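All chains, please: the whole structure from these sequences, using the hints.
No gaps in the numbering here: position 219 of the sequence shown is 227 in this note's numbering, and each next residue is one more.
Honestly, the hints are just simulated from the structure, not real lab data. Treat the hints with care, since some could be wrong.
Derived lysine-lysine pairs resembling DSS-like cross-links, with alpha carbons at most 30 Å apart [to be verified]:
1) K180 / K78
2) K183 / K68
3) K234 / K278
4) K308 / K278
5) K249 / K78
6) K191 / K78
7) K183 / K278
8) K333 / K307
9) K249 / K275
All figures in this text were calculated on a predicted structure; none of them were measured in a lab.
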Amino acid sequence: MKNPTLSSLPLPPGVSIHHGSYRLRRKDAPPVTLSRVAEGGVALREALKLLPIEMAPAPKTMHELFDRYKQSVNGKLLGMALLAPSTQKQYIDIIDRFLDPGFGRMRLGSLTAGHVTKYMSLRAEGEILAPNKKNPKKGVVAAANRERAVLSAVLSYAVAFNWLPVEGNVVKFTKKFKEKPRKRSVSSQEMIIAKNVVPPWYRDYFEFLYITGMRGQDARAMTFSKLDQVGLHYEEQKTAKRRNMVWSDALRALVEGCRERNRARAKRYKLIANDYVFCGKSGQRLTRSAVDSMLGRLKKQGHRGPEGDTWNAHDWRAASATDTKGQTLGPDHTRPDIYDRDGYTSPVK
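In structure tokens:
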């Protein structure tokens with residue numbers, strides 16, 4: 009049997025072949041030449057991505073809609089392009105691992121609120137297993153709620169371009185699970201233990217989280233160019249809000265210690281000077297995966313609290329907010345109460 013060529017395979021909606029070229033035909037509009045057939049499928053897909061959104065053919069299945077939503081980051085301020093880069097990665101991960109396998113084969117417009125409710129129930133009961141997990145986990149209501157939010161964003165994206173009617177976002181007719189607020193924080197004793205068993209750069213990183221109340225992603229992105237005589241000036245990656253924090257003696261000493269360690273490391277190993285405040289053993293910027301790996305080692309060693317009630321890196325932010333009654337979160341933080349976990353820690357330096 010002859011191997012199928014691209015020209016013999018199903019084409020995207022509205023696309024046809026005309027004199028060796030792929031052309032997009034639309035109602036009440038002249039056709040648009042996309043690419044040459046000889047250039048292959050990659051060129052066709054790239055040409056479709058570059059089309060103005062109103063010219064692109066409407067998706068026919070949920071899988072095509074998911075792909076269109078993910079592709080909206082390519083030079084178009086739509087859909088995922090409106091999200092922070094770290095959030096985009098999370099959305100793509102949720103779509104690829106859960107939503108596309110669960111709903112991708114459905115025709116666009118056939119999804120109902122009942123389907124979404126059933127999916128969330130199965131997800132919370134541990135009946136839906138992530139591809140890289142060996143054992144199901146029950147009670148993952150937070151994950152189910154996040155996946156519900158991503159699905160709602162995708163359907164709202166389709167509604168915005170008339171691919172679905174106004175009532176097409178059926179997620180709005182469902183209810184999310186009630187989540188139990190996290191009460192865990194990091195006690196003063198746990199802080200001392202953690203800082204005594206980790207390398208100096210991780211010790212300073214955790215101390216920085218506690219003193220400033222920053223999110224980990226903002227702390228890891230902190231550079232010396234964002235510092236001046238007054239204090240720290242940065243933009244939150246999650247909210248895009250500008251933040252300014254004045255120096256304290258403890259904060260200034262911590263940052264200067266990081267600067268000296270980075271300089272000494274660069275001089276010793278003949279490395280290019282790095283502008284990031286927190287660098288790992290190699291002299292490169294501290295990454296989330298490196299922090300997660302270190303936290304995993306701490307957990308195995310029993311330095312993160314009792315099994316089933318361990319602290320995570322975000323709990324250092326909660327400890328800071330608790331001890332300052334939300335002052336480190338900024339005056340315009342809408343929910344300081346979620347970080348107020350009183351009774352665990354001592355005052356911030």
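Now for the hints, and whether the structure bears them out:
1. K180 / K78: 21 Å, holds
2. K183 / K68: Between K183 and K68 the Cα gap is close to 27 Å, so the pair holds against 30 Å.
3. K234 / K278: 25 Å, holds
4. K308 / K278: Roughly 34 Å separates the two Cα atoms, so the pair is violated.
5. K249 / K78: 25 Å, holds
6. K191 / K78: 35 Å, violated
7. K183 / K278: 57 Å, violated
8. K333 / K307: 29 Å, holds
9. K249 / K275: 36 Å, violated
Of the numbered hints stated above, those contradicted by the structure are hints 4, 6, 7, 9, listed in ascending order.
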